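K.L.:
Sequence:
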Amino acid sequence: FDLADYFVITSATSRLHARSMAREIEAELDKSGIAPIGIDGLDDTSWLLLDFTDVVVHIFLEETREFYDLEMLWGDARRIKWR
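Using this note's numbering, read the sequence shown as starting at 63 and increasing by one per residue.
Note that these hints are calculated values from the structure, not bench results.
Wrong hints could be hidden among the right ones.
If you anchor each label on the Cβ, the simulated ranges turn out as follows [unchecked claim]:
| id | residue 1 | residue 2 | range |
| --- | --- | --- | --- |
| 1 | V70 | F129 | 11 to 21 angstroms |
| 2 | I142 | S94 | 12 to 22 angstroms |
| 3 | D113 | R140 | 14 to 24 angstroms |
| 4 | G95 | V70 | 17 to 27 angstroms |
Please read all numbers here as calculations on a predicted model, not as lab measurements.
Even for Gly, the Cβ is constructed at its ideal location relative to N, Cα and C.
Please build the complete structure, drawing on both the sequences and the hints.
P.N.:
Next comes the structure, spelled out in structure tokens:
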């Protein structure tokens with residue numbers, strides 16, 4: 063059972079930054095006709111999740127990212143370095 067082909071895990075410096083990142087990601091993918099099947103966390107914004115089926119984007123505040131430590135949970139997954 064695969065949840066997604068890729069997870070994108072990133073950190074935001076503030077709740078406003080996290081919401082802005084989510085909106086920008088959604089807007090850019092929309093230009094290519096790609097829409098999320100779900101977005102969660104816009105009200106909380108310590109952890110936002112954008113589900114594009116094959117790609118799931120996680121945007122965390124740093125302390126939330128450290129707490130949930132998805133990199134450790136999915137530690138056996140192949141990592142792709144990005145910039």
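K.L.:
State for each hint whether it applies.
P.N.:
A quick look at each hint next to the structure:
1. V70 / F129: 11 to 21 angstroms: 19 angstroms, holds
2. I142 / S94: 12 to 22 angstroms: 20 angstroms, holds
3. D113 / R140: 14 to 24 angstroms: Hint holds: Cβ distance 20 angstroms, inside 14 to 24 angstroms.
4. G95 / V70: 17 to 27 angstroms: 19 angstroms, holds
The structure agrees with every numbered hint stated previously.
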